[in-house]
Amino acid sequence: MQPEDGPEKSGLGGHSQPKTPKPEMLIKEGTAPKAAGWKNMAAADEWCPALLTTKYPELKNHVYQDNVSSDLILNTGWRVAGATRRGRQHAHQGTHREDAIRFRSSSRCTILCAADGAGSSKWSRLGSHLTSLRVTDHIIEQVEQMDPALEESPEKLTDFLKTQISKAVALACATLEEAALACSSAPKDFRSTLLTLVHFHGKKRELFLCNQIGDGAICVLFNDKTTQILGASDSGSFSGEVSCFVPDTCARTKSERIDVLLNCEKIECLLLCTDGVEDPFYPLQKKSIELFGQLYGGVKEKLPDFTAQPVRPSILNQEGAGWALAEWLGFEKRGENDDRSLLLMHRFPTTVTF
Amino acid sequence: MSLRRLPVYILADCSGSMNGNPIESVKSGIRALHSELMGDPSAVESTYLSVITFDSNAQQIVPLTELSQFNSPDLRAGGTTALGAALKLLSDAIDREVKKNTPEQKGDWKPLIFIFTDGEPTDRWEPAADELKAKRPGNVIAVACGDRAVPEVLKRVTDNVLIMKDMSPDAFKQFFKWVSASIKQTSQKIGGTGAAAPAEGISLPPPPPEIVIHM
Chain H
10 MQPEDGPEKS GLGGHSQPKT PKPEMLIKEG TAPKAAGWKN MAAADEWCPA LLTTKYPELK
70 NHVYQDNVSS DLILNTGWRV AGATRRGRQH AHQGTHREDA IRFRSSSRCT ILCAADGAGS
130 SKWSRLGSHL TSLRVTDHII EQVEQMDPAL EESPEKLTDF LKTQISKAVA LACATLEEAA
190 LACSSAPKDF RSTLLTLVHF HGKKRELFLC NQIGDGAICV LFNDKTTQIL GASDSGSFSG
250 EVSCFVPDTC ARTKSERIDV LLNCEKIECL LLCTDGVEDP FYPLQKKSIE LFGQLYGGVK
310 EKLPDFTAQP VRPSILNQEG AGWALAEWLG FEKRGENDDR SLLLMHRFPT TVTF
Chain G
139 MSLRRLPVYI LADCSGSMNG NPIESVKSGI RALHSELMGD PSAVESTYLS VITFDSNAQQ
199 IVPLTELSQF NSPDLRAGGT TALGAALKLL SDAIDREVKK NTPEQKGDWK PLIFIFTDGE
259 PTDRWEPAAD ELKAKRPGNV IAVACGDRAV PEVLKRVTDN VLIMKDMSPD AFKQFFKWVS
319 ASIKQTSQKI GGTGAAAPAE GISLPPPPPE IVIHM
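Taken in sequence, the protein lines are chains H and G.
Residues in the first sequence are numbered from 10 upward in steps of one, following this note's numbering.
Residues in the second sequence are numbered from 139 upward in steps of one, following this note's numbering.
Hints were generated in silico from the structure; no laboratory data involved.
Just so you know, not all the hints are guaranteed correct.
Below are the DSSO-like pairs computed for lysine-lysine, each with C-alpha atoms no more than 27 Å apart in a straight line [unchecked claim]:
#1 G:Lys322 to H:Lys197
#2 H:Lys296 to H:Lys48
#3 H:Lys296 to G:Lys237
#4 G:Lys322 to H:Lys43
#5 H:Lys342 to G:Lys237
#6 H:Lys131 to G:Lys322
#7 H:Lys48 to G:Lys322
#8 G:Lys237 to H:Lys311
#9 H:Lys295 to G:Lys238
#10 G:Lys226 to H:Lys131
#11 G:Lys303 to H:Lys342
#12 G:Lys315 to H:Lys296
Bear in mind that the values here come from a model prediction, so they are computed numbers and not experimental data.
Start from the sequences, fold in the hints, and give me the full structure.
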């Protein structure tokens, strides 16, 4: 398509006369149209349908926010910090964040959960929220009620905690199935991934246990600055392919695969992240040091394959680490526009430097 | 740069029977598709387009190309319908151009493939169709256009077969609008989650009224 030969305006109120366009003015057929920019719109739909708020008061009372952060200094020498942030894609479409994070701590244990609702599932934001709620509450309650004598035997204690993780996943599956029934949906409409970390800190023993259903990652940083990926990520041949979620039947089987860490004195930090954080740092086994380096040492310059990442001081040495994490999660990388959630438990004050 | 792309392949029948309005409608449809996708920032970041044409031979006239670099091709109709050669070319192009997950690198998103044809294949198409169906290299949607297309042939390539009897410019316009919506929906899933179970494939928007799903 060529522009029509038209009048060229010259000067203020000058005469118009036909003129052949210069070559650079020709618009060639197939010239790419201008790319659209991102919008940031509030979610238009209600967060939870009325049918479910009647059945679940905890959903009725919940106030949804696009971005959430929290941190808590524990009297065990640890701090929990976490943040979840609505992805650019949801912000552009005006839809809700589908990730959820939650942690709880009691005299004997601390539980961390990060869940990522499946984007193809209509009510996945409720699935991830209810899953993290049920799992943290169940484990905390059971550990508080446990027989203190279990601590005498490391095997019995470990078995007890493993059983509680599996039962908590089963409870979350049952809850999502009930919720689906209550709003005439299918259980798969509530699908969510789940990362769980349990820190048991009893009078005689201390140990960590973790479990993974779906994608995302669990990673540990040792005090010699080595790292290790825990859990078992679930992915297919192509990006975004996950075969097992809560409340699928396979989730119950996957909940029995639990990693146990006994040498807690060597651990500096444990991190749970949804795929919105794992994917930009893939493969995390190799890039975990870059990730921990930024969390401990701050952002000195943006990572080479990122589009934008502001310079920041250390995240984990800040008083408000949760808020600092939420800010840090705002980095930009092309094609990575998913919700981002990161939840970690680290020595406080920190014992390693980057 | 470890960019994860959404590869989209368009296989267009350019045989002699497409001459006139149909081929012009396909050309303007691809231009409109490109323009529409440029209005979606997620598609701009992730979508890569390729066009494969087939008449008496098959040719990949646009290799997998970033949306902002894509130029709509000039298509001409003539010759016979070498669907088998096109399917073989598609399979080879995917093997060459699409990255799968490895421990070192996240793969591309599962390719989206649109095939449309208005006639019976004239080459030995069956082995290529069987190979493609067994290989499942992506989500394949085939459209039988007009009265002479044979949906059963396309069923041998994919279970997702649509029928578009009307070959008017308006029908093609609606078809390409639907293709655009399908790509956007797929790239939105990408942005919104890491979570589409592969066994279930993808859910696309309902096709326009002119297009019937072949069961």
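Results for each hint:
Distance hint between G:Lys322 and H:Lys197 is fulfilled; the C-alpha atoms sit about 22 Å from each other, no more than 27 Å. The suggested pairing of H:Lys296 with H:Lys48 is violated, with an alpha-carbon distance near 30 Å, which exceeds 27 Å. Using a Cα cut-off of 27 Å, the hinted pair H:Lys296 and G:Lys237 holds, with the two alpha carbons roughly 20 Å apart. Under the criterion of a C-alpha separation no larger than 27 Å, the hint pairing G:Lys322 with H:Lys43 is consistent with the structure, at around 17 Å.
Distance hint between H:Lys342 and G:Lys237 is fulfilled; the C-alpha atoms sit about 19 Å from each other, no more than 27 Å. With a C-alpha separation of about 17 Å, the suggested pairing of H:Lys131 with G:Lys322 holds against the 27 Å cut-off. A hinted pair counts as satisfied when its Cα atoms are at most 27 Å apart, and H:Lys48 with G:Lys322 qualifies at roughly 16 Å. A hinted pair counts as satisfied when its Cα atoms are at most 27 Å apart, and G:Lys237 with H:Lys311 qualifies at roughly 26 Å.
Of the supplied pair hints, the one linking H:Lys295 and G:Lys238 holds, its CA atoms being roughly 19 Å apart against a limit of 27 Å. For a cut-off of 27 Å, the pair hint linking G:Lys226 to H:Lys131 is broken: about 37 Å separates their Cα positions. Of the pairs offered as hints, the one joining G:Lys303 and H:Lys342 is violated, with about 44 Å between alpha carbons and a cut-off of 27 Å exceeded. Among the hinted pairs, G:Lys315 with H:Lys296 is inconsistent with the structure: their alpha-carbon atoms are about 41 Å apart, more than 27 Å.
Figure legend: structure checked against the earlier numbered hints; hints not met, in rising order: 2, 10, 11 and 12.
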